[in-house]
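Colleague: Chain residues, written in single-letter form:
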Amino acid sequence: MSTDLDPDAALMLRVKQGDWGAFAELVDKYKQPVMNLVYRMLRDSTEAEDLAQVVFLQVYKSADRYHVSAKFSTWVFTIARNLCLNEIRRRSRHPADSLEGSQSEHDDQPERQYEDRKAFAAPDALLHGELEQKVEEALAELPENQRTAIVLCRGEELSYEDIAEILGCSVSATKSLIHRGRETLKQRLKPYLRTGSWSKSK
Amino acid sequence: MSKDPLYERLRETSWRRKLTPDEQARLSELLATDSELQSDWENEAGLNRALAELAPVPVSNNFTAQVLAEAKREAAIFERTRRPAMNQVAWWFRWLPKVAVAAVVFAAGVISYQHVQENRREEVAHSLSAISQIPSVPNPEVLEDFDAIVALGSNPPADEELLRVMQ
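Protein chains in written order, with my numbering: chain A, 64 to 265; chain D, 64 to 230.
Okay, chain A solo, but in the shape it has when bound (with noise of 0.2 Å):
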């Protein structure tokens, strides 16, 4: 067995062979990243969820096809991303339709819990979490390119290769993506941009 497996390869290939417990462990490490994405990309919380736990059901059906020289994170972002202009589009044919009426399907299933952050939220906090909303606000109006290269490059995960992968484009089209995405939501958050604070000012 090589030494040199990436963790997630060596995991999926345990899934291959009908693994659950595997299947877990890649939920649970992807499943903050993914949501991340698709709710960035679908800007609703319940039906982000609903469809980042299709992602994972995707990676499962599919794991067949997964080839262990292929990165995980940059195959099951490209599922998520799939997936979401999917639904993108779906919503564009049929804007009345919600994921929602799926849901009555699985009412037998345990309602989502949720931790309760905001119960002990400092007033920092508090503005901390306004001026973040400036920020997903301005993520919410770039177009979906610019907004979902920009959600990719946060994370230290993936390099300029994986995210042009993702996408679907170069590496220097990534670039340009990410600079054109930037450069308009500094215009946007410019005044409340500030080097070695994070303070609204007027």
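Do not rely on the hints blindly, as some may be mistaken.
[As the list claims (entries may be wrong)] Okay, derived cross-link-like pairs now, BS3-like style, lysine-lysine, Cα gap no bigger than 30 Å in a straight line:
1. Lys135(D) to Lys134(A)
2. Lys135(D) to Lys238(A)
3. Lys92(A) to Lys124(A)
[To be verified] Selected chain D positions facing chain A (Cβ under 7 Å, derived; list incomplete):
4. Asn106
5. Leu110
6. Ala113
7. Leu114
8. Val122
9. Phe126
10. Ile212
Note that these hints are calculated values from the structure, not bench results. Here the structure is a predicted model, which means the values were calculated and not measured. Glycine included, C-beta positions come from ideal geometry on N, C-alpha and C.
Start from chain A and add chain D according to the hints.
Modeller: Positioned in the frame of chain A, the structure of chain D alone reads:
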């Protein structure tokens, strides 16, 4: 604004991760000599911080359990629907070798029969060829004096010495 290539590289690196101390030192050297770059970097760094401090989107505590439950449910459904099809496939796999052997035997039989037939045809052809070389039977009228001619053939040969003397 045309920017220093080193600044561009460090800027792009900062989009993905924090700069190392060495990278930070090189950046500081660049910024110390260019106020325009410094202003640009302040905005870049501010945006980097803003994006890095975005809170993770809440994920339900039982997310993994829900995914596993659904995946197992779909796997069980797939297994149930796959079995009849697999039985059919198994049937083919059981009978296919036998059919293949039978086909080979049949083909061998056909080829052998054709070979035998070919040989027989050749023999017949040879026979016909041999017969065709036999001179044709003469006209029966020629054979009318056959007995007389045969009788002539039984006479002793001519005395050639006497013939010479007589000549």
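Colleague: Next step is simple, just say for each hint if it's right about the structure.
Modeller: Hints and how they fare:
no.	hint	result
1	Lys135(D) to Lys134(A)	25 Å, holds
2	Lys135(D) to Lys238(A)	40 Å, violated
3	Lys92(A) to Lys124(A)	18 Å, holds
4	Asn106	5 Å, holds
5	Leu110	6 Å, holds
6	Ala113	5 Å, holds
7	Leu114	5 Å, holds
8	Val122	5 Å, holds
9	Phe126	5 Å, holds
10	Ile212	100 Å, violated
Consistency with the previously given hints fails for numbers 2 and 10, ordered from lowest to highest.
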